[in-house]
Amino acid sequence: MAPHISALPVVVPFLAGPLVVAVGQFAPRWFNDSVGMLAAVAATALCALLAVHAAQHPFAYWLGGWTPRYGTTIGISLSIDTLGAGLATFSALLVTAALTYSLRYFDAVEGLYHGLMLLFMAGMVGFCLTGDLFNLLVFFEVMSAAAYALTAYKIEERGPIQGAINFGITNSIGAYGMFIGLALLYARTGALNMAEIGAALGSHHADWLVIVAMVLLFGGFLTKAAAVPLHFWLADAHAVAPIPVCVLFSGVMVELGVYAVARLYWQVFAGTLSAHEIAVRAVFVGLGVMTALLGAVMCFLQRHVKRLLAFSTISHVGMFICGVAFLTGKGIAGVGTYLVGHGLTKAALFMCAGVLLHRFATIDEYDLHGRGRELPLVGLLMGVGALMLAALPPFTTFMGKSLLEEAAAGAGYNWVIVVFIFVSAMTGGAVLRVTGRVFLGWGPTEGPHPGQAEAAREDTHEETGSPTHTPPLMVLVPAVLLVGVLLLGLIPGAVPGIERFAAQFVEHKAYAGWVLHGLRVSVPVLPPSHISADDYGYSLISTVGALAVASLGLFGRPVRARLPDALGHPAEAAAGVLHGVHSGHIGDYITWWTAGVGVIGGVCLVALR
Amino acid sequence: MSRPVRLGMFAVAGAGMIVVLLLGFTGLPSFGHAHELYGALVNRTEDKLRHATDIVTALNFDIRAFDTLGEEFILFASVTGVSLLLRQLRGEKEEDQEQEGIEEHAFAGASDGLKLVSLILIPVLVAEGAYLVFHGQLTPGGGFQGGVVLAAGPIAILLAGRYLAMKAVAPKVLLESSDAIGAACYALIGLAGLIFVGTYMKNMMPLGSPGHLLSAGMMPLNSTAVGLEVAGAFLLTWTEFLDQTMIGEPSG
Amino acid sequence: MAFFPFFVAAWLFVVGLWGVVSSRNLVRTVISLVVVQASSYVLLLGIGYRGGAKAPIVADIPTTSRLVDPVVQVLVLTDIVIEATVAALLLALVVQAHKRFGSVNPDDLRPLRD
Amino acid sequence: MTVLQLIALVAVMVGGTAVVLVPEPLRQAMVLGIFGFALTFLFFVFQAPDVALSEIVVSGVGIPVIVLAALRKIRQQEHEHEREEQEDGQ
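Protein chains in written order, with my numbering: chain A, 1 to 609; chain B, 1 to 252; chain C, 1 to 114; chain D, 1 to 90.
Incorrect hints may appear among the rest.
[As the list claims (entries may be wrong)] The calculated BS3-like cross-link candidates involving lysine-lysine, where the alpha carbons are at most 30 Å apart (straight line), are:
#, chain 1, residue 1, chain 2, residue 2
1, A, K154, B, K172
2, B, K115, B, K172
3, B, K167, B, K115
4, A, K154, B, K167
Hints listed in this document are in silico derivations from the structure and should not be mistaken for laboratory results.
My request is simple: use the sequences and hints to build the entire structure.
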């Protein structure tokens, strides 16, 4: 049964989307809500079914019945394995959560909102399931087109328009670069199916063409994933998009870029680059570390809470890029586990920020000083979320982080563990600081630059209903998501299961077997890995570090004032430079993009010879 | 960054970029000597398998029809997005009371000669568009090209200086439905394949004989669905943009 | 000479990027994006072309004649639709930008922020 | 490579460069149209009539209508703005 439903998770939202768009303007609100929810729940269930089926053995579904002929692919396949289908399930689940969250407060425009959310979901799900490189780019664009429009949902304000323009232009250029990369691979191999391209490249020496194709494809996906210096659009877009959309952006869309890089590396380039693993690892771990550090520092420097959360996402994406770049199954398993934990946590945190925005019409940390006292439950949720970001043992994010640390040690990159601890401490600490200031009224009330609060205030409400009352759903949904973070990683067998599927993910020769020749491949059996005392130690350090960072942010002003000028001035100057670089000017962003991709290209051309 | 710094940095980065691209392109087979595995296979087998004389259409609407599904929904998503972004806000009112004023003020530049040409153009465009949509599997063209040409018909009314007449011929509700129904139909035709022959998007129509109007299985149906969607989508996008030029600013 | 089509593709990509970076008007930025994307059309069709081959339409040519690669043509068709849709979306944003900021110069498009 | 192909390639290269270098958006929109025709011609001589048809409908009507409408709206707003400023000045 399961293989037959393979296309339905995409088709269901593709049918429901036009329905709400066409009928929505005449239909009552409940109709649009029900169609949206039904389609999202159905897609979640269908993806889950596929994931469960693929757990037995992964399979390819040939659309239109165009199975490979004469040993060559002719049609398009959905190549469904557990990690891909699992990620699709997770995307659809977050869409369901976001739609539930917006049920009672969001001022949805005549079915257009629901329609775009469903198309966005279809794009993400198709992106996770497809086995064809061009089809991957097509679904990337479905996702992007819906995302650009949703970012600028509040057209009556300035920020959303500017954020959406930067988002749209940067990501489009990334996508055009990917078309060039795809063309190069097609010219070389005469194939578009990822398994077949991988098989055709085989273990031949990777020449310039293959390397440039890889750089352009990775460049496009890393633009979506917001790797430094391709990341500038992210904070602009996340700071201004409506909350339910931010939930999807930070929770899963950005991470899909990392997924695509992993998918492409293992299924297309792993064979031809097998002699250069050390160099590939060095280049992309370097990129990941840069992203993680810049994101963590910028996160701490923000007072606009949505921007703060956005930079925390960049920082975590840096960790994920490192995890993929270790080039081991364990790294993939760590990313998979952490991705789920981080996605749920970040979704919940954005939802908490949404409650504040709804209630007080501002999202500036200092503006909100102490005003959160009347919302103790939201404060509790935010605090728990912060601790999850700091990877408090023994919950899901901790599990993911432990796997990443083991993968780092296994790949000989022990020092990266320090970076991971720094990221957890800084991002967790920044959110704890916000929690302390807003919900407990700790720390000074005046920020260093009062003028900056302007950007965080809303002229208009995205909500219906009176702001003196918070709809229970707005608290319930993030609470459920956080309970998920607490429990998922503790389910016996969950993390070892991910490890086994990740081991399957990196078997690129077996991938070609089951996609192109319909072989039945079973999941490899691994010895269960143990969480060592070291892992607990690292996470305790990061949790304590987060508390320290938070107290420094809240009560540290006297300390900072007493710093010798020789130390204080450079720090302030550096912060000023960092703010200045994130200028919001699209010309700057594209200059950075060109330089970034050019440098990555140059380094790869030299390092992978 | 200040403008000179930005341009200077781009001069270096762009030069680097073009070098990287050209180094990659050196690995390409020289122009005119493609060793197209996939394309050759399609060229060899398509005629016998699908009875379409335009192989590009066969790829578009059958072999790689799933890409086209995605493509149609990129279009649908962007049109929905444009409707969302250009929606009228409270306070932005259409100046209904000055309808004739709009006619004058909008496109008054059209001379009588241009108006005449435009009016003659309309039936030609509609006929040409319909031809392209229905002959996709036989000759160059198909749902997309035909759809845009069809959408250009009402635009010719606009050229004739009759903005409101254009909106009467093609009201927004009609365009939205055409857009949505076309997109949904494309997905539904695929679903028929799943229900009747067991695989999504598998052909379940008779193939007919090559060169005939009703041949090549489901391709004409898919082409029609796409034509419907594209015509609605483009005209809706144009209308949204043109309406913007008719909206007054919120007063105060 | 056989490399010229590919050179044109690379040139269009970078020249289009220059247009985006140097633009003082967002309408111009969007138009430059169209040039960036045109590079992929030229590259794809250049890759699929075979010397002396016919278009992949088999109505009135003998079945033995050489045909150019139809697959790249389908990819370009999809590409062109993406170009039109992205341009429409971005121009809609530009129109709104002018309403909110009173300018379409990227230099003026800086909402207050830290 | 045939002479026609060479001419088409040169036209596309020059056209694309011109589109980027023309400073004034309205004139740029016109040059973009010419660039579209050059691409169409290129697709014909590359034996891709389907693509050529697509390109001509998109660059011939599809994009120009949108660009012109956007420019018109922007100009209208600028006029209104100027008028308001003059009124304020009086």
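Hint-by-hint comparison with the structure:
no., hint, verdict
1, A/K154 - B/K172, "22 Å, holds"
2, B/K115 - B/K172, "24 Å, holds"
3, B/K167 - B/K115, "17 Å, holds"
4, A/K154 - B/K167, "27 Å, holds"
No hint from the list above goes unmet by this structure.
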